[in-house]
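Using the sequences plus the hints, can you model the full thing?
Number of protein chains: 2
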Amino acid sequence: MYLRITLAQLDAVLGDFDHNVEKIKKAIDIAELERSDILIFPELFLTGYPPEDLILRTSFLKRNMQALNNVINYTKNKNTLVLLGFINVDTDAHNAAAIIQNGKLLGVYHKHLLPNYSVFDERRYFAPGDSPTIISLKEAKIGITICEDIWSPIGPMHEEVLEGAQIIMNLSASPYYYGKRQLRKNYVSQKAYDYHCPIVYCNLIGGQDELVFDGGSIVVDSNGNIVAEGKPFEEDIITVDLEIEENLRSNLHDPRRRHIEKGYFSPPVFIKAEGNFQHKNLKVTGKISYNMTKEEEIFKALVLGLKDYVRKNGFIKVVLGLSGGMDSSLVAVIAVEALGKENVVGILMPSMYSSEHSINDAKKLSENLGIEHHIISISEVYHSYEEALENIFKNYPRDITEENIQARIRGNYLMALSNKFGYLVLTTGNKSETATGYATLYGDMAGGLSVIKDVYKTDIYKIAAWYNSWKGSEIIPENIFIKPPSAELRPDQTDQDTLPPYEILDEILRLYIEEERAVEEIVERGFEKETVKYVARLVDKNEYKRRQGPIGIKISKRAFGKDRRMPITNKYREW
Amino acid sequence: MYLRITLAQLDAVLGDFDHNVEKIKKAIDIAELERSDILIFPELFLTGYPPEDLILRTSFLKRNMQALNNVINYTKNKNTLVLLGFINVDTDAHNAAAIIQNGKLLGVYHKHLLPNYSVFDERRYFAPGDSPTIISLKEAKIGITICEDIWSPIGPMHEEVLEGAQIIMNLSASPYYYGKRQLRKNYVSQKAYDYHCPIVYCNLIGGQDELVFDGGSIVVDSNGNIVAEGKPFEEDIITVDLEIEENLRSNLHDPRRRHIEKGYFSPPVFIKAEGNFQHKNLKVTGKISYNMTKEEEIFKALVLGLKDYVRKNGFIKVVLGLSGGMDSSLVAVIAVEALGKENVVGILMPSMYSSEHSINDAKKLSENLGIEHHIISISEVYHSYEEALENIFKNYPRDITEENIQARIRGNYLMALSNKFGYLVLTTGNKSETATGYATLYGDMAGGLSVIKDVYKTDIYKIAAWYNSWKGSEIIPENIFIKPPSAELRPDQTDQDTLPPYEILDEILRLYIEEERAVEEIVERGFEKETVKYVARLVDKNEYKRRQGPIGIKISKRAFGKDRRMPITNKYREW
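For the record, the sequence lines run as chains R and B. The opening residue of the first sequence carries number 1 in UniProt numbering; numbering runs sequentially from there. The opening residue of the second sequence carries number 1 in UniProt numbering; numbering runs sequentially from there.
Heads up, none of these hints are tricks.
No copy is singled out in the list; a pair is fine if it fits within one copy or between any two copies.
With a cut-off of at most 25 Å between alpha-carbon atoms, the simulated BS3-like pairs for lysine-lysine come out as follows: (1) K545 <-> K562; (2) K231 <-> K300; (3) K471 <-> K231; (4) K26 <-> K104.
If you're looking for bench data, these hints aren't it; they were derived computationally from the structure.
Okay, here's the thing in structure tokens:
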């Protein structure tokens, strides 16, 4: 017996119920046309994910219930069973899946395992469910799970399979980081193999503040083989016919059953749905396995994150400072890819310390990309600051103060353009810089979105090189790859005057930030003790700057932002 | 039989184990001198509270265990039983109380109820305990709890009393907001009365980033009467002799006992300690009931929050812009109170739109306070911006852009002073302004700490008036109270050109932010629909600004910051 299943891997807009409901209705129409038995949406698709403290607003929860009723009504006289992520409100709020068919809400499943680590705060908002839930449709028994529920040996999938489930549906909103796409495939496929039970994994796509959801939904058969896959970083609706067999594993003796006696789980809930279609031939849309290099994958994540941030916040155009360096060049390239060249404006803001080649490289890049660009010198304004502060600064030597004033004039220019023309300002700091505080607060850190904030400098170069070779053209001028990185805030300055070489710096940062290794442990791996301590000190000391910087797009396992919550006032020292 | 109990209501420095251990040792010496039976510290006193993601660093957890061992060794040949908050690490991390006597760790209690709402993220870090714990000392049975554990009907206090506990010890780190001091007294006193069981509540004091811990530890007898109280907003060590009686309530039949059978709680843990002292006479230090007006209470909270932020982050002096308006005047006053007049520098930065009275009022205030102050005009620098942007802005009318440029020049000045002289910049925006975005990002929002960020404009005036009357002198000049609030960024501008009257605005904000009321509900209370919608729109639209503003001191039930986690990308609308 076959079940025909449609996965709606779509982009929700957070809080835009009308928009989301329209998308849901269109997907229902498609599934109905396809004669699909089941249509599955991502986790919390009705509200968008994650709604954060909007969940504390009763009015928001009510609007969500109204929207659900609107969807339920729309399914009248339709046959496909719909699994839709929404917030259910009983004595508490639950991250839930509505089970809908033919104008009726057949049941509601509540997510059991609520992640409260990394970027997740689900225990802040939701009460956990404790009822494994199984739908019978035709002769098939279908277990329901939401995201985290399958990412642990103690989730309800185990109970559901024990109770006879022959297929597991999973509604997900799993944010991207590099490596996670492969991790998901391996994990879900191993799980299906382990339980000899197919899994339908439907993930969200789209950008939401710091997070990018990459889609990459998968359907895995009972042998752990991936039979269909949603497009990465794009909306996709795929339909698959899956053969459903009796699951012999469900008869195995299991010591975890005592959890039921102990009241760990409530008894399972069984829901009866109508099977309206018969399918015999195997239909599979959704190409299997999209392979990408690391560089391409991160580039696409950044493009999607930027595009959705700009569009969902109602901006059309973006503006950024072009220094002729690699960071701003890569951000310009990402912006053009995301928004089109007509929506990207580059501003060259040379100072007395800017080299001729910087201006030329930035111009060349702008011309290669075909973007509007302007040159506004900061020299005159800088001199007027010098005069204004002359009295109060006399007898004090020049220091970083004068460098920061320059960076802040540039910030003021870009914000003025933003105010006057409604552009969103993009900042161009990378992760190595964000980590070490090698940036000026309110200066080059001024802007609405920090596009490459989570990308190390060494990766920036690799992605840039990949981009040029992808385009088959030196859009990012060769000279930008060759010259040593510099902030150009004083004569002959280079980054390596104050920072260790980026190959060393980035690896120390990765160990310190992503792996939370002690300074000692990093030294044991062969790095110079003084260097490691210096880097750790920079990271710790610059928490105050990061706290005021714009949000950036998470592409690593541990990004600055919601993912890493360090106190500012902090006298803990490993250096 | 009497127990002599010492409460160490002290200020920990987050992550500074050496400092915290020194304080612990001194308190142990005092308790020993006092011949106290028990010495109780606040929650997580060893690490400081809240350590946030430092808890994810294994090296931090190890350092915490080393520091604990250091304390344990120090108690050798001493008699007082010590209850110390630390992080216990077994298969998981726990928010714990160490039970220490005479060089031995007699036991460890794990907090049961882990708050994960408001500013709290304890489920991110800790696994909950499930063993109610009772210490016998002399003939007394002493139940242990940590903070939240007593703030719910389902905490372990209930079990402990049922198992015979005659007194409950509570280690707390309860952050201040206005109203909480009274709430705590009422709640703890009601709880003691309810169970006919004395409670010793020892709270942290000191500032940590957004949070202020106000101390106000209390000892409540079995009739619910407060018998001793720690000083508000100050360190205090108080000692109390409490008479311990058999608790008859512990024999009551209780339907919740079935939780034990259900495995909800593990069986209670009993710990035997030595009773080394005999006390007959009633000793009580710690004055009962410190009464303060709302204005005084908030003022003191801000003074403590500011002082600790400055000192714990290694700053000596602060600098702020003085506009001659009420907000910056009050911040100057708070800074002088916290740091001394010699550590506060005021900068007057008049533009072409600044009125004569603004400059005079700011000067007058500086003279009254006796603080260093300087005048640096922004006019010339502003003109240089106008020239630099002339080309790109031609054909576009003047608008908010030009106002923001002025504010950002001021921000750049203050940051330059910060960079050159090592001052911390204080920002002066109030809650009404922060809520509505009536401030310039990177302009008047530039700085390290936003002192009055959580205080509504209407309260600002009240606190200022209280301050003058407290000092018995018009330190804040009368004219500042009288003139209409204005940003003075264009001719004849006042706040009320774009904002509703502050009495109305603040009440709408309170309902919208603190109570999460729907726009509709606020309108039902008699506010004009268009006004409420306008305010709600401003609040929602300015989330991006708040995200990049400096942290501020929480003094309300719901502050901007960790306490209110709204998405920036958010199309949910009630307006």
